[in-house]
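Visitor: The listed protein sequences derive, respectively, from chains A and B. Residue 217 in our numbering sits at position 217 of the first sequence, and the numbers go up by one each step. One rule links them: number in our numbering = place in the second sequence (from 1) + 1000.
Simulated from the structure, these hints should not be mistaken for lab results. Heads up, the beta-carbon is just placed ideally off N, CA and C, and yes, glycines get one too. Treat each hint with caution, since some may be false.
[Stated by the list, open to error] Partner residues aside, some chain A positions facing chain B, computed with beta carbon under 7 Å:
{"hint": "1", "residue": "Leu25"}
{"hint": "2", "residue": "Gly30"}
{"hint": "3", "residue": "Ile33"}
{"hint": "4", "residue": "Thr37"}
{"hint": "5", "residue": "Phe148"}
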Amino acid sequence: MSTTHELLQEPPLAEHFDDLEQQHLSAQLGMWIFLATEALFFGGLFCAYTVYRRMHWIEFVVASRELNVAAGAINTAVLLTSSLTMALAVRAAKLRERRWLLIYLAITIVFGAVFLGIKAFEWSEDYERGLVPGSLFTFPFRPEFAGFAEIFFLLYFLMTGLHAIHLIIGIALVATVAGFCARHQYVAQGENLVEMTGLYWHFIDVIWVFLYPLLYLIDVHR
Amino acid sequence: MSVAIAPEERMARSYLTDGYNLKSWLLTTDHKRIGLLYMVSITLFFFVGGAAATILRLELMTPKGDLIETADAYNRMFTLHGVVMVWFFLIPSIPAVLGNFLVPVMIGARDMAFPKLNLLSWYIFMAGGIIVLATLIAGGVDTGWTFYVPFSSMFSNTFVVPAAAGVFIVGFSSILTGLNIIVTTHTMRCPGMTWDRLPLFVWAQYATSLIMVLATPVLAITVALLAAERIWGVGIFDPRLGGDPILFQHLFWFYSHPAVYIMILPGFGVVSEIIPCFARRPIFGYKFMAGALLAIAFLGFIVWGHHMFVSGQSMYAGFVFSIISFLVAIPSGIKVFNWTATLYKGSIRFDTPMLYALGFIGLFTIGGLTGLILASLAVDVHVHDTYFVVAHFHYIMVGGMVMAYLGGIHFWWPKLTGRMYSEWWGKLSALIVFFGFNLTFFPQFVLGYLGMPRRVYEYTEDYQILHIMSTLGASILAVGYLLPLSYLILSLWFGKHATGNPWSATGLEWQTTSPPPTHNFEETPVVTEAPYAYDPVVAEAEYRASLAEIEERPRVNHT
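Starting from the given sequences, assemble the full structure and let the hints guide the process.
Guide: Here it is as structure tokens:
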């Protein structure tokens, strides 16, 4: 689909910018700052996790063993691969390869959905085993640790839940961008959008890279 | 420096004549119009918060609870005052109104980097504001603006979750404003506007924005956790369920201490513009002034524990937080001394903005020095949670930030609206505000030192005389705030037309017309000299010429 004609096309320039470079730089810097705010948003949870993990180490280990490590590992692989396809989508946008761009974006969405599916399966498993904090919480395995294990599961649900919300937003964004690129004749129209969405997607991925060892692998190294 | 523009041309087109219907305002992406949208909204919130303050002060005139009859009602009232004033007036005041309007103009840009996000931030602000106002109408919250657990999570029977939701939402509006200002400052500067030529106002907005984007997300997750605990009944902070209430205070103050610098740094920026202009002298120590702003923003992130000296945090943590808090005095001292040094051998004029700026320096100094008293561990244990603390932060926030905001509004009013306000009324109300403010809050230092605790509505009769002084001052202060509201609004119809540069000030914003055209400049300006190129010798002649030019202008609009 890529033609010489299309290669000549430039992204659109908003009227308050002087040139494309300025526009691109602004978008990039803005996205990075936004990601910094996101990191601090999750930071509060990471902080709470660190404090409680230090205070209640044994309970956290016991609780962590109830998580499905295999499902978490598969999910990590799925999400890391989605970051690869996202990076390839950004590359395709830069090279103005419209077909590949759409293919990679579609694969990214599929991987994101697979991740959410596995996560939903894990959550339903947790629910059936009485690991959801609140009135339903029963910790039949080691009842003597139930009190602080509940805090572990609370943090687990909050952190993975917040991550899942971000992923759902990410999937919606990728789908919107893919739709935009499919409607427009020239890939250049959406080049910036693809790149910024890619940054967001990688951020979600990086958060998971921290969540997985912190929640699932607390004492696996022993 | 000033560019002569014929009056006919000046009146012909500006950002204000760009459209007159509601849609042209509500769907605008012009940073100047968004600034005005913010101005109208925060003025509304200021008077809501001010009304609550008035009721509190009237109640405190007598030792018995007679105007407000229950402690619960009093709790709700001061929470309303705090929440509205902090999140819906002080934090957006200078950044979202003057910052929005002026940062692009001052750096020679046509707009903010992200105009649509800018408009979105105002809608988010209004959504948060409406939720909070609805909460208040429904019955309010009684936790204080700090939402301390476990009271807020387990015991309070009021609308904590909706209020927290409003605060959560409004946080995103300040994140977006901050993000926009940072990116705009980095990428949108016109040719020649290097970092060391940036007006200090822009530096101040930049430093403030750094705090906004780095601290606000932590508040968001904190109130989200609070809401989760309340709705879900789980123990993140609840000690009975294994949670730690001190963690809430750490997370809360990790945001809220930097946030009190959100409520003062922009004021530094305004004062740094006004002082050189009315002293006709270049700012003393420009690089130190810019560096001090960044230093305060940085130090603001590592002193939060000084709010928690009596909370049960580690004593050694208390030592460290106390020492670092003292360090804040160094950049703050640099600022106060440099403003004062700027005045030296200047050709000083006491116009309305200058009165506010000079008032700011004095009141900020008192507020800052009493801050050092509070940063001392031993003394803080004595005056913690007393009126001493209340007086201290009101000296910073009201004596500092509100004075700076009013000074800035007066200084840039000709630029915002194209009209001059009444100088006589301006000076009068600046003096009333200064006098009323000191009468309101100085007695509170004494009250606090004598042991009057904050957040109580009944007290022993010994304290009454000081409370009466304070209430009297508050009513004078109220007059001082209502006056500008009236004469500034009247000036829109009856004020003289302003020239492009009525104060013969330096800075790019004064080189365009008043009010500026839609994209700020007819041609992209080029900066060739350092900021604040004032000269006290030629000042007088310039100033008289400018006044004479305004005097010749008609009061009514030609068009």
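Visitor: Per the CB criterion, is phenylalanine 148 of chain A less than 7 Å away from chain B?
Guide: The hint holds - phenylalanine 148 of chain A has a Cβ within 7 Å of chain B, the shortest such distance being about 5 Å.
Visitor: Does isoleucine 33 of chain A pass the interface check with chain B, least Cβ-Cβ distance below 7 Å?
Guide: 5 Å, holds
Visitor: Does the interface hint hold: is leucine 25 of chain A within less than 7 Å of chain B, judged Cβ to Cβ?
Guide: 5 Å, holds
Visitor: At a threshold of 7 Å, is the proposed contact between threonine 37 of chain A and chain B supported by beta-carbon distances?
Guide: 5 Å, holds
Visitor: Hold the hint about glycine 30 of chain A up to the distance rule: shortest CB distance to chain B must be less than 7 Å.
Guide: 5 Å, holds
Of the numbered hints listed earlier, not one is contradicted by the structure.
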